[in-house]
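Heads up: the protein sequence lines correspond to chains A and B, in order. Counting with my numbering, you get residues 1 to 114 for the letters of the first sequence. Counting with my numbering, you get residues 1001 to 1114 for the letters of the second sequence.
If you are wondering where the hints come from, they were derived from the structure by calculation, not from laboratory data. A hint or two may mislead.
[To be verified] Listing some non-contacts, in silico: residues in chain A with all C-beta distances to chain B over 12 Å: (1) Gln-38; (2) Asn-41; (3) Gln-71; (4) Pro-79; (5) Asp-85; (6) Thr-86; (7) Thr-103; (8) Glu-113.
[As the list claims (entries may be wrong)] Ranges between beta-carbon positions, derived for each pair: (9) B:Gln-1017 - A:Lys-58: 46 to 56 Å; (10) B:Thr-1020 - A:Ser-28: 16 to 26 Å; (11) B:Ser-1069 - A:Gly-62: 34 to 44 Å; (12) B:Met-1027 - A:Asn-61: 16 to 26 Å.
The beta carbon of each residue, even a glycine, is placed where N, CA and C say it ideally should be.
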Amino acid sequence: AQSVTQLDSQVPVFEEAPVELRCNYSSSVSVYLFWYVQYPNQGLQLLLKYLSGSTLVKGINGFEAEFNKSQTSFHLRKPSVHISDTAEYFCAVSLTGGGNKLTFGTGTQLKVEL
Amino acid sequence: NAGVTQTPKFQVLKTGQSMTLQCAQDMNHEYMSWYRQDPGMGLRLIHYSVGAGITDQGEVPNGYNVSRSTTEDFPLRLLSAAPSQTSVYFCASSKTGQAKNIQYFGAGTRLSVL
């Protein structure tokens, strides 16, 4: 079975600083990878996804992620964060041949401070 | 364009009571699913449906029933609520059941079982 690990439950960062949110996955078969963001009291919305091709994926709001197959990682980065980026971020995977069932990590709370 | 609509937004139940969480989407999506979100555990799949008349169990189906009589609606039923079902419930939909499709989430239902 597949699994997703987000080692950092909380990441505090000052505004305009860079940030990296880590995600590692485990699967015996190939996967698709996603990052979702959840703003306070809202549902989840897609930030970006990796299906195939270029390992560097750009998403909304200036975020990007890099797929590293050898390290089974899909870390999320932003070069300069804003207060409005304060939210919870979830990494998720689905099996390429397994239907649209997402397996989520436990989430990382990003808190941007002035 | 309403997207995925969940009702109610908040609910308090007593142990043993039953209720139905409603989910409707107006995007003509074939695939719909229910997740529960608990602190430190991310989102876990409860049930899903790949089309009208077809449902299947996810990771944590016990205590929940679903049906899919129309493409638009996918209600989640709690037959006899238990405190362990206190959680935030999210409904999601995607165009098809293919693993690469983006899932669109509702705003959630916050349920407390006393």
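(request) Starting from the hint list further up, note which numbers the structure goes against and sort them upward. (result) Violated: hints 1, 2, 7, 10.
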